[in-house]
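Novice: First residue of the sequence shown: 130, per my numbering; consecutive thereafter.
In short, the hints are calculated from the structure, not lab data.
There could be a bad hint or two in this list.
What the hints assert, rightly or not - No more than 25 angstroms apart at the CA atoms, straight line, and that leaves these computed lysine-lysine pairs for DSS-like: (1) K194 / K314; (2) K236 / K154; (3) K237 / K154; (4) K154 / K314; (5) K236 / K301; (6) K237 / K314; (7) K301 / K314; (8) K154 / K301; (9) K194 / K301; (10) K154 / K194.
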Amino acid sequence: MWAIRLSEDAETAVLLLEAGGPDDKPEIQIPYAAYTLQGSEIDWSYTTDPQPHLNGRQINWPRGKVLGGTSAINAMIYIRGHRRCYDAWQAAGNPGWSYAEVLPYFKKAEHQERGPDDYHGVGGPLNVADLRDVNPLSCAFVDAAREIGLPLTSDFNSTHMEGCGFYQVTQKNGERWSAASAYLK
């Protein structure tokens, strides 16, 4: 992601090294096919250590071995993390990592299809979109969660991260918008 900022200067040469190959598998671009990429030849196929609270089971930890890295094989959910986490990093002695300090970088990086606001930017290379085709079971789940009193959240990257709702995704025109799509192509 930083390579694009460096390459904006015509005097600067940037070398990008990628352990995997090109992102030319059709499944990479098709959001529905994301599940077929995990455990494939373009996944490092990592697992966690055995988890004591899961009876010693290990959890798959997909990591992309392809141009675009994990953003080429993940579920495309766009969520930045909670404000409290960034503020805790700052409080732990990491200057520049408070939520207020990193938010401008998030805004600069994204192109929010809903338009700009206090938490989102437009014009950045990473496209952020609403789901185009919501599964009816997902709608039923959100409705059920709301019926039992969970708050409805329309934006998990604003002030109200807790609740139920539909995530936004890193897609453009119905296709995956990986880091390679955003920053290299």
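Novice: It remains to establish, for every hint, whether it holds in the given structure.
Specialist: Status of the hints after comparison with the structure:
no.: 1; hint: K194 / K314; result: holds, 18 angstroms
no.: 2; hint: K236 / K154; result: violated, 30 angstroms
no.: 3; hint: K237 / K154; result: violated, 29 angstroms
no.: 4; hint: K154 / K314; result: holds, 15 angstroms
no.: 5; hint: K236 / K301; result: holds, 17 angstroms
no.: 6; hint: K237 / K314; result: holds, 18 angstroms
no.: 7; hint: K301 / K314; result: holds, 13 angstroms
no.: 8; hint: K154 / K301; result: holds, 17 angstroms
no.: 9; hint: K194 / K301; result: holds, 22 angstroms
no.: 10; hint: K154 / K194; result: holds, 12 angstroms
The structure shown violates the earlier hints numbered 2 and 3.
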